[in-house]
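**Student:** Sequence:
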Amino acid sequence: MLTSILNNSTVKNITLVCIADLIVGISYGALAHSQGFDLWVPLTLSVLVLAGASEFLFIGVIFTGGSPISAALAGLLVNSRHIPFSFAVSELTGKGPKALLGYHIMNDESVVFGLAQESDAEKRAAFWLCGIGILICWPMGVIIGEVLGSFISDTQVWGMDAMFPAIILALSLPALKDKRLRITAIAGAIIAVATTPFLPAGIPVLFALLSLGAVNR
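According to UniProt numbering, the sequence shown is numbered sequentially starting from 1.
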């Protein structure tokens with residue numbers, strides 16, 4: 001089993017992250033419900049897309065009057081950050097048909113956990129355990145959120161929208177001990193903050209990737 005390869009601390013951290021994603025999924029489901037979407041829309045997105053930022057953006061664009069095509073293109077643009085991710089985890093996803101599922105469960109959390117381990121076996125186990133865990137918890141959260149949507153009028157009041165970036169920050173902190181990574185992260189953060197007032201949601205994150213080339217030349 002995947003859990004037998006990993007130490008208890010890593011399994012515990014992955015479990016907590018999956019639970020946190022379930023809670024964010026509740027926020028997403030409740031938001032979709034409050035904007036008039038039937039359950040099948042966010043649920044289908046949560047299974048087939050499995051990328052929170054682009055899913056939030058998709059329903060937001062539709063709700064404000066945008067077309068499904070423009071919403072899908074916006075989501076694809078935000079998800080283009082997964083392109084460098086795919087190169088980073090190419091050894092973790094497996095080969096052949098298995099790789100299709102491996103790349104499908106590739107997300108910020110599974111990539112961070114996978115790359116943070118020491119041995120190749122631990123990297124693969126952490127990547128798959130986290131990815132499959134989120135594949136289960138995210139749609140489950142959406143269903144719960146749709147049910148509770150009638151009682152939660154404003155998800156931002158609960159602060160659930162801040163949980164996802166807080167998770168990623170906490171997972172990234174150990175890597176910042178490396179000076180080059182720390183400088184790259186700071187440069188990326190500056191670019192993202194500086195461009196946020198002028199660009200649509202999700203795009204500043206893509207511009208932050210420019211720090212990789214600027215700092216690591």
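Hints are computed from structural coordinates only; laboratory data are not their basis.
We put the beta carbon where it would ideally sit given N, CA and C, even for glycine.
Careful, some of the hints might be misleading.
What the hints assert, rightly or not - Now the in silico label distances, taken between C-beta atoms and shown as ranges:
#1 Ser119 to Leu199: 38 to 46 Å
#2 Gln35 to Pro84: 28 to 36 Å
#3 Val147 to Ala121: 33 to 41 Å
#4 Leu76 to Ala99: 32 to 40 Å
Said to hold, decoys possible - In the DSSO-like style, the derived pairs of lysine-lysine whose C-alpha atoms are separated by at most 27 Å in a straight line are:
#5 Lys177 to Lys12
#6 Lys98 to Lys177
#7 Lys95 to Lys123
**Student:** Would you mind marking each hint as holding or not holding in the structure?
**Tutor:** Status of the hints after comparison with the structure:
1. Ser119 to Leu199: 38 to 46 Å: holds, 40 Å
2. Gln35 to Pro84: 28 to 36 Å: Given about 32 Å between the Cβ atoms, the range holds.
3. Val147 to Ala121: 33 to 41 Å: The hinted range 33 to 41 Å holds for Val147 and Ala121, with Cβ atoms some 39 Å apart.
4. Leu76 to Ala99: 32 to 40 Å: Violated, since Leu76 and Ala99 (Cβ atoms, about 20 Å apart) do not stay within the stated range.
5. Lys177 to Lys12: Between Lys177 and Lys12 the Cα gap is close to 22 Å, so the pair holds against 27 Å.
6. Lys98 to Lys177: violated, 34 Å
7. Lys95 to Lys123: holds, 15 Å
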